[in-house]
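Undergrad: Full structure from sequences and hints, please.
Residue numbers (full-length UniProt numbering), protein chains in the order written: chain C, 1 to 287; chain Y, 1 to 301; chain A, 1 to 278; chain X, 1 to 241; chain Z, 1 to 254.
Warning: the hint list may mix true and false statements.
Listed below are the simulated DSS-like cross-link pairs for lysine-lysine, each with C-alpha atoms no more than 30 Å apart in a straight line [what the hints assert, rightly or not]:
no. : chain 1 : residue 1 : chain 2 : residue 2
1   : Z       : Lys234    : C       : Lys61
2   : Y       : Lys278    : X       : Lys135
3   : C       : Lys130    : C       : Lys76
4   : A       : Lys15     : C       : Lys13
5   : Y       : Lys285    : X       : Lys135
6   : C       : Lys115    : Z       : Lys129
7   : Y       : Lys136    : X       : Lys135
8   : Y       : Lys231    : Y       : Lys178
9   : X       : Lys162    : Y       : Lys136
10  : C       : Lys76     : Z       : Lys234
11  : C       : Lys76     : Z       : Lys108
12  : Z       : Lys108    : C       : Lys115
13  : Y       : Lys219    : X       : Lys135
14  : Z       : Lys108    : X       : Lys78
15  : Z       : Lys234    : C       : Lys115
16  : C       : Lys26     : A       : Lys147
Just so you know, the hints here were simulated from the structure itself, not pulled from any lab data.
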Amino acid sequence: MVGLSISEQHFVKGGIAQDLRTDGRKRLTYRPIYVETGVIPQANGSARVRIGGTDVIASVKAEIGRPSSLQPDKGKVAVFIDCSPTAEPTFGGRGGEELSSELALALQRCLLGGKSGAGAGINLSLLVIKEGKVCWDLYIDGLVISSDGNLLDALGAAIKAALANTAIPKVNVSTEVADNEQPEIDISDEEYQQFDTSGVPVIVTLTKVGTHYIADATAEEESQMSSAVSISVNRSGHICGLTKRGGSGLDPSVILDMISVAKHVSETLMNKLDSEISAAEACEDES
Amino acid sequence: MGLPDSTQDLSSEMDVDAFRRIFPLRFFERHLSESLRPDARPLGKARDTIVNLGLVSTADGSALAKIGSTTMLAAIRMEVMTPSTDSPDEGCIAIEFHMPPICSPTVRPGRPAEAAPVISKRLSDTILSSGMIDLKELCLVSGKAAWMSYLDIYCLDADGSLFDAALLSAVAAFSNLKIPVVALNDNGRIVAINGEGEEESNASKKEAVNKEKRKLTLKNVPSSLTCILHKSYILADPTAEEESIMDTLVTVVLDSSDQMVSFYKSGGNVLAYSSAIKSCVELAKKRGKELKQILGEMDID
Amino acid sequence: MVMRKLELPLSQTQKVRFQTAIERLQSPAEGHGTSEVDDELLATVCGVVVRVDKLVYVRTLRARYKPQVGDIVVGRVIEVAQTRWRVDLNFTQDSFINMHDDNVQKRRTSVDELNMRNIFAEDDVVCAEVGEFHKDGSLILRVRSQKHGKLDKGQLLKVDPYLVKRIKPQFHYIESLGIDLILGCNGFIWVGEHGHVRDPMTKNTRKEQSHTPLETRQTICRIGNAIQVLSNLGFTMTLEVIMETFKLSNTRNIDIHDMLGSEFHVLVTENEAERRHG
Amino acid sequence: MEIDREDGRKPNQLRPLACSRNILNRPHGSASWSQGDTKVLAAVYGPKAGIKKNENPEKACFEVIWKPKSGQIGKAEKEYEMILKRTIQSICVLTVNPNTTTSVIIQVVHDDGSLLPCAVNAACAALVDAGIPMKHLAVAICCCLADNGSIVLDPSKLEEKKMTALAYLVFPNTTLSVLPEGSSLVEGEPVEDGIITSVTYGVMSVDDYFLCVENGRAATASLSAFFRKNFQQSQKVSFKA
Amino acid sequence: MAAKQGAAATTYSPKPLVRTRPPIFKDSDLDWTRPDGRGFHQCRPALLQTGAVSSASGSAYAEFGNTKVIVSVFGPRESKKAMSYSDVGRLNCDVTYTTFASTGTDHKEFSSMLHKALEGVIMMESFPKTTVDVFALVLESGGSDLPVVISCASLALADAGIMMYDLITAVSVSCIGKSLMIDPVTEEEGCEDGSFTMTCMPSRYEITQLTITGEWTTPNINEAMQLCLDACSKLGEIMRDCLKQAASASEELT
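TA: Written out as structure tokens, the structure reads:
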């Protein structure tokens with residue numbers, strides 16, 4: 001964990017109050033974001049996202065599965081996060097596990113919508129091959145390689161990029177099957193289907209330090225936070241999920257204010273991310 | 001009691017609570033010499049006992065038993081199993097006793113209490129060997145399907161005499177048990193027939209296999225009483241504090257016809273002589289009658 | 001540890017400029033962690049050999065500080081023990097400041113031991129001199145002069161230790177800017193508002209702290225980012241290079257935060273090539 | 001009433017006893033005890049410095065580890081561990097080695113009935129072998145109530161299954177005391193008549209239980225004698241050596 | 001006599017696994033009634049009681065409809081794990097379900113979520129170097145389990161005399177179609193389009209925890225927030241009354 005002396009803490013907080021953070025950023029400025037796609041050839045889609053010293057990889061694997069009986073018209077998505085002990089020694093033990101499950105839970109909240117499946121960032125209906133019988137199960141794995149704050153935004157961006165990079169093979173299903181039998185399926189080797197990621201939201205975490213809140217906090221800044229609100233916003237400006245961290249309370253009006261700021265920040269982030277993703281995709285095609 | 005003079009003097013000066021903490025044994029012996037316990041009970045009397053039935057709506061039968069502060073919640077879930085070939089027309093009872101961290105400061109999450117599996121085992125030995133339940137009553141279709149009843153007992157508050165309270169809650173839960181009405185479907189599986197009104201697709205058309213057997217007949221209901229042997233005193237239904245100070249515990253389980261189901265004493269500094277055993281059995285008989293009355297009141301409503 | 005971040009995304013023109021600059025610096029593009037022996041490029045540190053076009057450098061797995069007696073180091077207190085403080089110096093062994101060090105404490109009583117946190121608490125940044133090696137290989141630090149002691153009002157940057165050469169003085173007071181710069185031999189660099197290092201004997205007076213003036217803060221940030229860029233590029237840290245980079249960013253009117261972008265990295269490389277050849 | 005049992009024993013007859021001590025090198029004390037085909041090994045380590053879990057500044061602690069012949073330990077074994085632990089704590093002098101822990105490891109070699117009494121006897125012999133200060137020995141016996149109401153001692157596994165009820169009883173051994181007669185009497189009953197541990201299975205009348213206790217008590221005399229003889233023998237051997 | 005251990009046998013519940021799903025709530029369909037006949041903005045009747053567990057430093061029992069929860073608080077007591085120096089106290093939370101509480105789903109994340117909800121309200125500096133343990137047992141799950149656990153835990157902390165800035169109350173809202181329903185039951189949670197769970201300090205009017213799932217528009221968030229805030233302040237009053245009653249009852253005794 002980051003340890004700062006009292007005076008350093010004071011220095012960091014002072015910088016935020018003066019709108020000049022230790023690396024020269026303003027409160028709502030993100031660090032440079034770099035995206036690489038297709039970093040894991042075995043996966044159906046993958047991406048690496050670096051935001052300053054934070055470095056994460058996300059991969060998407062698609063497997064044939066069976067829809068749950070409660071939602072026969074939808075595919076399934078599972079999110080797992082692994083915090084590598086290389087990123088920080090404390091990730092090795094239970095601390096890493098706890099953080100991993102917390103991040104996975106927050107990402108699931110942001111991406112998968114309500115229990116009925118409505119409002120999901122990933123259109124689960126597209127994953128169905130044959131209703132009630134066959135669907136795609138998406139396994140999204142996130143790996144934190146290096147951690148310098150703002151893991152959730154980075155992971156959210158990496159998952160978005162990995163989904164944009166994902167190609168799912170076309171599947172042909174034998175049409176007529178008896179009620180209680182599994183249909184035969186034929187997975188194509190050549191034809192692939194790109195994944196529509198227009199609905200995938202971006203996550204903006206606003207970290208409250210002192211009386212101000214900042215975007216894209218570094219680990220040093222996070223160590224000084226009183227609370228942080230992670231808001232996932234989709235292209236249409238709707239909130240797709242929200243998680244608050246940190247114990248201290250916030251006035252309801254502050255939260256509403258943060259939501260509107262997050263919406264604003266998300267637009268720039270979304271555009272930046274989209275252009276980075278397309279540049280990365282172009283780069284990958286080139287090589 | 002031959003207390004050393006120093007503490008005698010101290011006790012008159014000291015605060016009662018402080019004396020209780022520093023010289024717990026002397027504190028108790030003082031009371032015992034006057035045939036009274038710190039909670040104003042006579043030696044042979046059990047604490048107030050309350051039983052409530054049917055508190056858990058997700059279970060098929062449930063009961064809450066409270067002896068003094070000691071609280072137990074027992075619930076039964078009925079599931080279907082294929083009976084073993086040795087006893088094709090018998091069901092099964094699986095009993096588990098839990099001590100969650102809420103019940104006592106000594107239990108911590110991730111480290112199950114030492115006492116829990118032991119009490120679990122004693123409960124299943126006692127309930128199964130008492131013959132309270134005829135396992136044949138749990139049969140649905142001979143050789144094909146029988147009930148497996150999962151009895152889970154949670155200790156919500158541990159303040160001594162855990163076994164007594166657990167057994168009481170278990171018995172009460174069985175008396176509260178309502179076996180779901182079920183039918184055999186085409187695939188050979190047992191399915192529930194939901195209550196009236198509900199138009200279940202095909203299950204309701206089937207003949208119920210257990211229309212009459214909605215309740216179990218309980219005979220030879222066991223009741224138990226734990227006593228502390230200390231010097232020549234016998235203290236019925238000890239609290240956790242008493243258990244921690246005086247370590248010789250005797251648990252007598254008698255059934256409704258005063259047959260002995262279990263006489264359990266494991267170690268302890270005091271040896272049990274015939275006279276003490278007889279007194280414990282007498283106390284247990286008396287306690288059995290009290291409990292019968294408490295349970296009897298429940299059966300009326 | 002600061003990870004090498006040379007994998008900057010460069011535009012086509014930036015790439016070309018970067019390459020030329022690197023070539024001018026040292027042909028065949030010898031990066032840090034390498035040296036030329038008998039026309040052969042050898043790795044001088046243990047790590048992964050990385051090639052960026054023609055640039056060859058060795059990314060060290062874990063660059064650790066190798067102390068020498070007399071080094072000025074900057075470290076962070078990680079533990080307050082019975083009579084001493086354990087300090088993180090990025091050294092393989094433990095380093096300690098002893099309680100009975102002359103300048104820390106004249107007399108030593110058991111009450112002082114209880115109040116050790118009043119002098120240095122966990123996570124405090126301290127500046128000290130390497131005193132001696134203990135028998136077991138651990139290091140004893142001295143807090144001798146008035147310059148040593150707890151550091152206040154600034155930020156700590158960590159670079160690979162071999163980027164900081166043992167050139168005295170390591171304390172710099174840049175008067176024109178009102179900035180203190182301490183280049184610790186262990187790669188820990190302190191940039192902070194100028195002020196006298198507080199006598200460790202004086203008690204922590206946390207309340208009276210006020211915010212650093214914005215202008216000073218801007219300078220601190222700019223110098224901090226300059227050091228960051230130099231560290232990314234693997235250039236040796238000296239006062240001159242740091243100040244030159246600082247001035248370059250100022251004259252080019254580069255926003256403090258944009259210093260960490262690709263363009264400024266290329267600029268600094270070009271500038272360095274110019275400097276060595278000019 | 002006197003019917004012979006499957007192995008030809010009389011109801012009150014025990015199976016042949018065997019006990020050998022100091023059979024293992026590493027533990028501080030060890031013993032094997034067998035009753036017929038039931039055989040149990042016991043090893044004692046300690047007293048050693050108290051471990052944090054059951055630290056007690058005033059008393060010595062005991063822990064019992066039960067190793068079944070095969071497989072994992074379940075609830076039954078946990079219960080045995082607890083019973084043994086409490087039984088051992090009641091016969092040992094706990095104030096001599098305060099803040100120490102003594103481990104007793106029970107390894108079941110073969111189970112042919114009366115397993116718990118056999119383990120108690122083995123543990124007792126091992127404690128003696130390890131020189132743990134004890135108030136007195138404990139002798140354990142299993143008494144059964146047959147269908148026909150007769151009492152059978154030391155049953156085999158087959159017999160245990162057929163019985164309506166059984167009781168595991170542990171008594172103090174008969175002491176050959178130099179103290180004057182009446183002093184060892186408690187409320188008119190000799191010390192060795194008191195029950196240390198009693199565990200019963202199955203339903204029986206209270207009178208039947210007392211009958212079990214009486215029969216068990218009678219049999220402990222011969223067990224005590226066996227203990228004494230066994231200890232004296234090994235004592236002689238060690239004197240010779 | 002031989003105890004029959006049925007643990008090895010495979011069993012199944014005769015009850016249908018697929019929970020009877022209420023008819024999908026169409027956007028236009030406004031005359032939907034809740035399974036327990038409540039109004040959309042009506043909470044379940046709450047029963048709260050302190051001092052449920054005698055051996056704990058403080059405890060509380062909460063019953064909201066079918067959701068039944070017991071929370072015990074132990075400490076401040078010696079920290080069990082050997083940990084580094086800390087001049088503030090530690091909080092340790094654990095949430096468990098009874099085996100008969102609900103079907104399937106285990107809620108491993110609840111322990112850490114309870115911890116997050118409570119850490120901000122407890123004055124940790126009032127018990128340095130020691131630990132307060134908050135253990136919750138869900139006796140029966142009937143929907144909105146976590147909010148009930150959190151509110152109940154804050155009551156138990158108050159009962160234990162742990163210093164807090166305020167009480168903590170938690171309420172959740174389910175969004176089904178266009179309707180917002182407060183304090184949802186299990187069936188409603190199973191088919192919700194979005195959920196909104198809020199934990200707040202009612203007297204200080206501050207939100208300590210907030211989680212939103214599903215797609216929400218800003219007006220919806222505003223409405224849900226207002227609903228939750230109102231419900232939280234009402235719940236806060238009920239909890240306060242409960243504590244006052246307990247206090248006056250104990251005064252009468254002495």
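Undergrad: Does the alpha-carbon distance linking Lys234/Z and Lys61/C stay inside the 30 Å limit?
TA: Roughly 47 Å between the alpha carbons, so the hint for Lys234/Z and Lys61/C is violated.
Undergrad: Lys76/C and Lys108/Z: Cα distance at most 30 Å?
TA: Roughly 20 Å between the alpha carbons, so the hint for Lys76/C and Lys108/Z holds.
Undergrad: Holds or violated: Lys219/Y and Lys135/X, Cα atoms, limit 30 Å.
TA: Not satisfied, since the Cα-Cα distance of roughly 44 Å exceeds 30 Å.
Undergrad: Keeping to a limit of 30 Å between CA atoms, is the pair of Lys115/C and Lys129/Z held or broken?
TA: Violated - the C-alpha atoms of Lys129/Z and Lys115/C are around 41 Å apart, more than 30 Å.
Undergrad: Quickly compare the C-alpha distance for Lys130/C and Lys76/C to 30 Å and report which way the hint goes.
TA: Holds - the C-alpha atoms of Lys76/C and Lys130/C are around 13 Å apart, at most 30 Å.
Undergrad: Does the structure keep Lys285/Y and Lys135/X at a Cα separation of 30 Å or less?
TA: violated (34 Å)
Undergrad: Under the criterion that the straight-line Cα-Cα distance not exceed 30 Å, is the pair Lys234/Z, Lys115/C satisfied?
TA: Holds. Lys234/Z to Lys115/C sits at ~28 Å (cutoff 30 Å).
Undergrad: Lys26/C and Lys147/A: Cα distance at most 30 Å?
TA: Violated - the C-alpha atoms of Lys147/A and Lys26/C are around 33 Å apart, more than 30 Å.
Undergrad: Checking one constraint from the list: CA of Lys231/Y to CA of Lys178/Y, max 30 Å. Satisfied?
TA: Violated, because 47 Å separates the two Cα atoms, which is more than 30 Å.
Undergrad: Check the hint pairing Lys108/Z with Lys115/C against an upper bound of 30 Å on the C-alpha distance.
TA: holds (18 Å)
Undergrad: Hinted pair, alpha-carbon criterion (30 Å max): Lys15/A, Lys13/C. Please report holds or violated.
TA: violated (38 Å)
Undergrad: Given the hint that Lys76/C pairs with Lys234/Z, does the C-alpha gap stay at or below 30 Å?
TA: Measuring from Cα to Cα gives roughly 39 Å; hence the hint is violated.
The structure does not agree with the numbered hints 1, 4, 5, 6, 7, 8, 10, 13, 16 stated previously, though it agrees with the rest.
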